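Here is how the chains run, residue by residue.
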Amino acid sequence: MIALDRVTIAYGSGPRAVVAVRDFTLAVPEGEAVGLVGESGSGKSTVLRAVAGLIPYAVGEITLAGRRVERRRTTAERKMVQMVFQDPYGSLHPNQTVDQTLAMPVAIHRLDRGEARIARVLAEVGLGREHRYRYPYQLSGGQRQRVAIARALILEPRILLLDEPTSALDVSVQAEILNLLSRLRRDHGLTMLMVSHDLAVIAHLCERIGVMSRGQLLEVTTATAMANNQVTHDYTRQLLRSNAGFDRSSVSSGELDVAAG
Amino acid sequence: MTDTLLAVRNLSVTYSGDDGDVRAVRNVSFTLGRERLGIVGESGSGKSTTGRAIMGLVGRSARIAADELRLGDTDLRGLGERGFRKLRGQRIAMVLQDPKYSLDPVMSVGQQIAETHRTHLRSTGRDARRAALEMLEAVHIRDPERVYTMYPHQVSGGMGQRVMIAMMLIAGPDILIADEPTSALDVTVQTQVLAIMDDLVRSRGMGLILISHNLHLVSSFCDRVLVMYAGQVVETCQAASLSEAKHPYTRGLLAALPQLGNRRAELPQLQRDPAWMADLA
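The listed protein sequences derive, respectively, from chains E and Y.
Everything in the first sequence is counted per the working numbering, starting at 1 for the first residue and increasing by one.
Everything in the second sequence is counted per the working numbering, starting at 262 for the first residue and increasing by one.
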């Protein structure tokens, strides 16, 4: 469903260009969920943005649903790929009601029965009719993220891109959103590509996990292998350790030293 | 009682709003010795407000009431801004979440650290500079001379948080309150920053209050944990045995965490019981 073939993405151009992602190859079959983990600056969100068509990529090919996509996407291609961002406080328009937020994509894509679509998608993400005419500031973090998911879902995408969808949320709300995402995936046969720094969250939703560092895909492993500590890269091991909580013995005093700059 | 650094009994913080009073902290009691105490809870549980009340940083709209609020032999109740200013930095210090926002952007990091030293210890510029360089070394910065002259935007998040810790510890406080000190950092850097904080707090015999929403982190880092819900401490337990917590809220939170190696089709969602809101004390 999603195939990236030797994709290189750079910000800026000429000698000052910063290569954020280098030679990235990954295929996600239809209906599968794949997670990307890595430290900040490793390029994981950049990959997501390139798949979404938000940034151009310099080299390589991105294929969605068997068709190679160009820099300029057709309306149908845009409709097919939708994205949910990390911070539901920043990703919703503060001066638009939930209804306006959801009506906009319907209007842009000239879909019929807008009214019915909005009502249906709200019910699907677990929001009541009373939430429809509220502004984002009148909603909790979890409710906002539900609106962001509804906004993506209303276009009936086949691919859902998730950039840290639960890291701004409390643990109890995170569980609700994760359950919602698994249900939606099952009901709609969605293909998912998700980015998170939380291994447990990624492993909960995704079968396969790609580990990125400094713009490169180090390894692709499975959630099961992760759980059994079968990883080959040092960085992945470090991630696993820090996910287990604080362990003083895991850091030697040499590792504590940081060079300036 | 010589080892009690901080005693809090029935602390309440109330904010007055348009729709009546909001009781952000309700009858919180605990003592802190030379140990690492964790406070966990979700957003709005009052964990940060508790820390801020101890620092005298809750703002004018808040009303603080307590039967006891004592730092060593100093009564913090009714202490004015001037009194708190003397304590902050010297007796009690706080590390906040994001060094990007808590460091002064127009002052070199070295000067900021030295300023704390000069203010509290009335030292000369040269002594303060030397102390700041030593402190930078103590937080494992390899090239202190160079980092001293750098501005906050030039340092990484992990280094910024080390600078923050250096600044907070330079005047030798008894207590460090760390409010989500590593939440803005990469997981790989988190452990390093925590290890540094841990080493320094131990070697100086300080008390540490770690405020966090991260249950794994608190249970693995601290000695004792307070669990807060709706402004109250609903449970206190040994950190290592947090997994055997009794309160349904704590149990619900633990169950709602996705676990590596134990994939469940559906995560149990926390069912909030209105009875948890009732006053405990």
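Since the hints were made in silico from the structure, they are not lab data.
On a predicted model such as this, the values are computed, not experimentally measured, just so you know.
Errors might be hidden in some of the hints.
Label pairs and their computed distance ranges (CB to CB) [to be verified]:
(1) Y:E395 to E:G31: 52 to 60 Å
(2) Y:R346 to E:E115: 33 to 41 Å
(3) Y:R533 to E:E219: 53 to 61 Å
(4) Y:G305 to E:S249: 48 to 56 Å
Chain Y stretches covered by chain E per the calculated footprint, using a threshold of three residues with CB under 8 Å from any CB of chain E [to be verified]:
(5) 382 to 389
(6) 399 to 407
In silico contact screen, one side only, chain Y against chain E (beta carbon under 7 Å); selected entries [as the list claims (entries may be wrong)]:
(7) A323
(8) F345
(9) E395
(10) M420
(11) S444
(12) Q453
(13) D484
(14) Q520
(15) Q530
(16) L531
(17) Q532
(18) P535
Note that CB positions come from ideal geometry on N, CA and C, so glycine has one too.
Cross-check of the supplied hints:
no., hint, in the structure
1, Y:E395 to E:G31: 52 to 60 Å, "holds (58 Å)"
2, Y:R346 to E:E115: 33 to 41 Å, "violated (59 Å)"
3, Y:R533 to E:E219: 53 to 61 Å, "violated (41 Å)"
4, Y:G305 to E:S249: 48 to 56 Å, "violated (35 Å)"
5, 382 to 389, "violated (count 0)"
6, 399 to 407, "holds (count 5)"
7, A323, "violated (22 Å)"
8, F345, "violated (31 Å)"
9, E395, "violated (15 Å)"
10, M420, "holds (6 Å)"
11, S444, "violated (9 Å)"
12, Q453, "holds (5 Å)"
13, D484, "violated (12 Å)"
14, Q520, "holds (6 Å)"
15, Q530, "holds (5 Å)"
16, L531, "holds (4 Å)"
17, Q532, "violated (9 Å)"
18, P535, "violated (15 Å)"
The structure fails to meet hints 2, 3, 4, 5, 7, 8, 9, 11, 13, 17, 18 from the earlier list, while all remaining hints are met.
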